[in-house]
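Take these sequences, add in the hints, and give me the full structure.
Numbering (my numbering), first residue to last: 1 to 293.
Think of the hints as simulated: they come from the structure by calculation, not from any bench.
Some clues are possibly wrong.
[Unchecked claim] In silico DSS-like links for lysine-lysine, alpha-carbon gap of 25 Å or less: (1) Lys112 / Lys126; (2) Lys36 / Lys138; (3) Lys159 / Lys142; (4) Lys23 / Lys211; (5) Lys112 / Lys211; (6) Lys207 / Lys182; (7) Lys112 / Lys233; (8) Lys112 / Lys23; (9) Lys112 / Lys159; (10) Lys138 / Lys182.
[Claimed, not checked] Quick list of the computed label-pair ranges, beta carbon to beta carbon: (11) Glu135 / Ile186: 21 to 29 Å; (12) Lys138 / Ala3: 43 to 51 Å; (13) Glu135 / Glu106: 28 to 36 Å; (14) Asn188 / Val59: 26 to 34 Å; (15) Asp277 / Asp166: 42 to 50 Å.
In this text the structure is predicted, and so the values were computed from the model without any measurement.
Beta carbons are placed, not taken as given, at the ideal position from N, Cα and C, and that holds for glycine.
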Amino acid sequence: VAAAESTYEFAISVSFVEIYMEKIRDLLDPSGGSWKTSLQIREDPSAGVYVSGCTTRFVTQVSELLEAMAAGQRSRATAATGMNLGSSRSHSVLELRVSRVDCETEARRSGKLVLVDLAGSEMVRKTQATGQQLEEAKTINKSLSALGQVIYALTDDGKQHVPYRDSKLTRMLQDSLGGNAKTVLIVNVSAAASNATETTSTLRFGKRAKKIKNSPVVNERKSVRELTELLRKAEAAIDMQSSYIAALERQGRTASDDDTEFAELRSRAATLSGLLDEERAENGERARRVDEL
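So this is what it looks like as structure tokens:
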């Protein structure tokens, strides 16, 4: 941002939620000790998957971002277990959105950075969880199992359906898993021999996840000026192609059916006519977008 051209304006916002017992809670809105709960996941063609109604803070410097992260972290659900005095009882999802506007052309670009802290899977015989902690552990393990099923489906060529909607976690990570994103997965393992089984399972999980193929693209919306220029160039190309097709058709009509050269000309004219119809349809879509803007 600091090195960007002077014609660019940026807006940076942050949101922070946790998935606790399959409910989404807003970590940036403590509201005197009670969080927004049961927030809903929505999907938008341009914004992708997002949490509706969660608090969004606009930040202008690193210290403001770190302050928001610290505030959200303090609000997370934690509890003591047999293995950890401050065990996370939820998955947390921090989202940083950046949008850029070119003040000269009004062209826009946007992107988001999603940081996810997954609660670790738990073996009850080791954590000695009971009561509420036991119920939390069951929900955590269930959502991690759903994540594993999504990863399996994305890396199995024979699978047609990806079960993103089986849990709130996988639904929120839909863009990051096989979608419009570049994804990095960091797995946490233990060197203790007593945790060898969990370590092996975790490494297999990471190995499988590496096989996922994402399809990242630039999130860009062209300005009216740029769309109008594309429209003008496309119309000029259509006019030129129309003239060329008409000339080919005239030459084809003057030739006999046995003339191989002119038969090829007629074939080319028919092919170009089909391509021209497609270009006209695309140009109509460009014109519609210009009118909407």
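To see whether the hints hold, each was checked on the structure:
no.	hint	verdict
1	Lys112 / Lys126	violated (38 Å)
2	Lys36 / Lys138	holds (23 Å)
3	Lys159 / Lys142	holds (21 Å)
4	Lys23 / Lys211	violated (30 Å)
5	Lys112 / Lys211	holds (23 Å)
6	Lys207 / Lys182	holds (17 Å)
7	Lys112 / Lys233	violated (33 Å)
8	Lys112 / Lys23	holds (23 Å)
9	Lys112 / Lys159	violated (29 Å)
10	Lys138 / Lys182	violated (30 Å)
11	Glu135 / Ile186: 21 to 29 Å	holds (28 Å)
12	Lys138 / Ala3: 43 to 51 Å	holds (48 Å)
13	Glu135 / Glu106: 28 to 36 Å	violated (52 Å)
14	Asn188 / Val59: 26 to 34 Å	holds (28 Å)
15	Asp277 / Asp166: 42 to 50 Å	holds (43 Å)
Of the hints listed earlier, those the structure fails to meet are numbers 1, 4, 7, 9, 10, 13, in rising order.
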